[in-house]
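One-letter residues, chain by chain:
There are 2 protein chains.
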Amino acid sequence: MNRNLIFTRNEYQQRVRKTKEMMDKGGMEMLLIMDPANMNYLTGYDGWSFYVHQGVIVSLDAKYPLWFGREQDSNGARLTTWLPDDCIYGYPDEYVQSRYTHTMRWVADMLRGQGLEKKRFGLEMDGYWFNARMYVTLLEELPQAALMDGTNLVNWVKTVKSRAEIAYMKQAAQICEQVMQIAIDEIEVGVWEKDVAARVSAAQIAGTAEFGGSSPAIFPIMPSAERTSTAHLTFDPDRQYQRNDVVLLELSGARYHYHAPLSRTVYLGDPPEDLQKTADGVVSGLQQTLKFIEPGVTAEEVEECWRNAIAHTGLVKPSRVGYSYGLNYVPDWGEHTVSLRPGDKSILEPGMTLHFMPGIWLETYGFECSEPLLITDNGCEKFIDFPQKLFVK
Amino acid sequence: MNRNLIFTRNEYQQRVRKTKEMMDKGGMEMLLIMDPANMNYLTGYDGWSFYVHQGVIVSLDAKYPLWFGREQDSNGARLTTWLPDDCIYGYPDEYVQSRYTHTMRWVADMLRGQGLEKKRFGLEMDGYWFNARMYVTLLEELPQAALMDGTNLVNWVKTVKSRAEIAYMKQAAQICEQVMQIAIDEIEVGVWEKDVAARVSAAQIAGTAEFGGSSPAIFPIMPSAERTSTAHLTFDPDRQYQRNDVVLLELSGARYHYHAPLSRTVYLGDPPEDLQKTADGVVSGLQQTLKFIEPGVTAEEVEECWRNAIAHTGLVKPSRVGYSYGLNYVPDWGEHTVSLRPGDKSILEPGMTLHFMPGIWLETYGFECSEPLLITDNGCEKFIDFPQKLFVK
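Those protein sequences? They're chains S and U, same order as listed. Number 393 marks the last residue of the first sequence (our numbering); no jumps. Number 393 marks the last residue of the second sequence (our numbering); no jumps.
Here chain S stands alone, though its shape is the one from the complex (with noise of 0.2 Å):
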C-alpha cells in the first residue's frame, strides 16, 4: 500500500528516540500509548477509530514501535503510519466492547507471545484513553510486570514543536483567521445561530485555496446572551440573534489536526458600559503579557504578569489563564502539559505553542479574547493577526 506521510520518516524516528530518552529517565521499559495524538504523533496512524481500544507500545530495545488495533482498522495503520507491517497487529473483532473478554487480555498475550510480560511498563493512566478496566485486567493479567505512570509523557515531547510543525500549524491559523471573519461577518439580528455555525465548519473544513483543513478537536463554541455566562456551552439550534446579544467566539483552524484556536467577542447593538470596560481592561492586559513572554520565563510568572496586568480593573480570573495546544484530537486541543497558572515552574522555551486564553465570565455574560503564540528565539510571535477588541455590530 502507499505510504502517505505527512513528515519525513526521519522526523517520526527523532520523536521515537526524544520519548525513550524520557522513558529511560523515568525507568520505563515499555510505554503504552493510547491517545490518539501520541499515536498519531509517534506513528502518523490517523483514523476515526478510537472509539475502540487501541494503541501503541513504544519498548526500548524495539527498533520501531508496535500499533495495535481492531483488524478491520489495520489497514488504516498500513495506509498511514510509517511502521513496517510487521508492526502492526490487529485484533478480532469479538474484542469489541465485549462483555466476556477485553482488548487487554489480547495485549498481554501478545506481550507474553514477544517475552515482554516483566518490563517495566509506563501507561497513560490519566489520559482520556486509558480506563479504570485496562488497569485492573493489566495487572491481573501482568502479575510480574511493574505498572508505572507514564500520563504525558509523550505529551511533553511533543510541547516543543519541529519546524514542520509550526509549517502545519501557520496553515491552521490561516484557516482560523478565515473562520473568525466569518463568523463576525455573519452574526447580524435575526441571522439563525445555527446557520452561522454552519459556515464555520463548513469553512473549517474547506481551509484555504491551497490547502484544506481537518474537523477540530472541539466543536465550534459560539454561545449567544446568557449562555455566554459559563465556558463550553455553544449555539442554540433554534435559535436567532437578538439585539444586546454578546457573541462568544471560540474557533479553532486544523490542519492535519495541528490547531489555531482563537476567541473573539461580539455584541449586536451598544455594548454596556461594564462589559466595554472589561474588554479594555483584558485587551490590555493581554497586549501587556505578549510584551513579557519570551523563552526562560515560566508558566506562572506568565500568569503573574497578567494578573498584575489587570489588578487596577478589578477584574478576577480564577481559572488559568492559558495552555500549551497543538496536535489533537477530540475532545481537547490542548497538550496537558504548560499552564499558565500559579505554581506552574515551565520554562518556556522556542517552539512551544501556547493558547493564551484570558476568558471572563461573568454572573450574566462572559468577554473572551485570546491569542494562539510561538515562542520564538527572543519572545513570542502571533500564529494570527486579527483586531484585538470587543466586536461592536
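No wet-lab data here; the hints were simulated from the structure. Any given hint could be a false lead.
The list treats identical chains as interchangeable, and a pair is accepted whether it falls inside one copy or across any two copies.
Calculated lysine to aspartate or glutamate pairs in the EDC-like style (CA-CA distance at most 20 Å, straight line) [said to hold, decoys possible]:
#: 1; residue 1: 277; residue 2: 93
#: 2; residue 1: 20; residue 2: 61
#: 3; residue 1: 345; residue 2: 94
#: 4; residue 1: 18; residue 2: 273
#: 5; residue 1: 317; residue 2: 71
#: 6; residue 1: 118; residue 2: 332
Please arrange chain U on chain S, whose structure you already have, making use of the hints.
Relative to the frame of chain S, chain U by itself:
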C-alpha cells in the same frame, strides 16, 4: 437563570427512577456517571466541558442527581439541567489537569462531607471517561467504600427510547437524509474532497428550515479510493476525486445529540464487476434481514439471518453487523449495549434503535450500505428512506 430543557421534568425523573432500579438490582447505593451522554440523559447537561473531569452522582436515597464539574462550567449546569441549584457543585480550577492533586480527591472530600464514604459505589469502569488514575485515587481516598463495576448501566437504560426521544431521532433522520443527498450530488471527478466534506459539515449543523442540527459524535467518514479498504479513514484534504474512485460515506444527522447515521457508497465510473456483485449481495442480505427483525428476536439471531442471507455470495463479514445507537457525544454514536453478532443474547424490544451496518472492507476497497432502524411493536421501521444501492456516477 432560565432552564432550557428539551424534555419534561417527568421524563428526566423517569430516567432516574429506571437508573435506580438497575442500581438496586446490582446492589449499588451510588453510581458515578462520567459519560457526557449519560450525564445529559439524566440531567440535561449539555456543554463541551467533558475535556475536564466532571460527572453526575445518583444515590438511591437522594431525590435528585448531583452534578459536579469545573466551577467555570457550573453556570452551564444551571442553564441546561433540571437540577436545583443546590445539587450543582463546582470545583476550583486548581484541580484541572493538576500534577499535585486530583479531581477524585475533591469528589471523595465531597462524599465524606455528606457521610457517603462507605457506600457501595458503581463506576463506569470500562467507559471512555473514567480513567485509571480516577479509579486508583478513589481506591485510596475511599477505603471503606465498596467500588463496583457500573459500566454501561445507564447505557442499558438509554437503549429503549421514549416517544419524545424518537421524535428527535426522526428529526436527526431528516437532517441525515439531506446530508447524504448533498454528498452524493456533490461528489464528481475533479471536485476537491474537502469541499464535499465542508458541504456535509455545514448541512449537519444547519439542519432543516424547521430545526437546527448539532455536531455529530463522529466526524464525516468519507474516504476514497484505496482509503476505502479500511473502516475509519476520512477525506483527503488535498485530493480531488478521480475517475474510478470508490467513495464510502458514513454520515449522521444529529438533533440535540440524538443521531441518525447512514452509510452509502458511490462509484465514479463503470464499477468493477466484483464491487457491483458485492453491492448486490450486501443489499439483498440487508433487505432480507430487515424483514426478519422484530421484537422478541435476539441480536445474535439477526446476525445469523444476515450471515445466512449472504452465504451464497461468498462474502464474509468478520465484524459485528450493527449496534444500538442514539444519544451521544464524541467519540462514538454507538451505545455499547446491543451488538448484532454471535453470542449477543439481547432480546430486541420496541423503542430500541439499531444501526444495521453491513460494511465490507476488501483488500483494495470497501462497500457500505446501512440503515438506522427503530424496533416497532411488530417489526422494524427505517428512520430514513434512501435508495439501497451502489451509487454510480
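(request) Please name the hints from earlier in the document that this structure breaks, with their numbers sorted from lowest to highest. (result) Failing hints, ascending: 1, 4 and 6.
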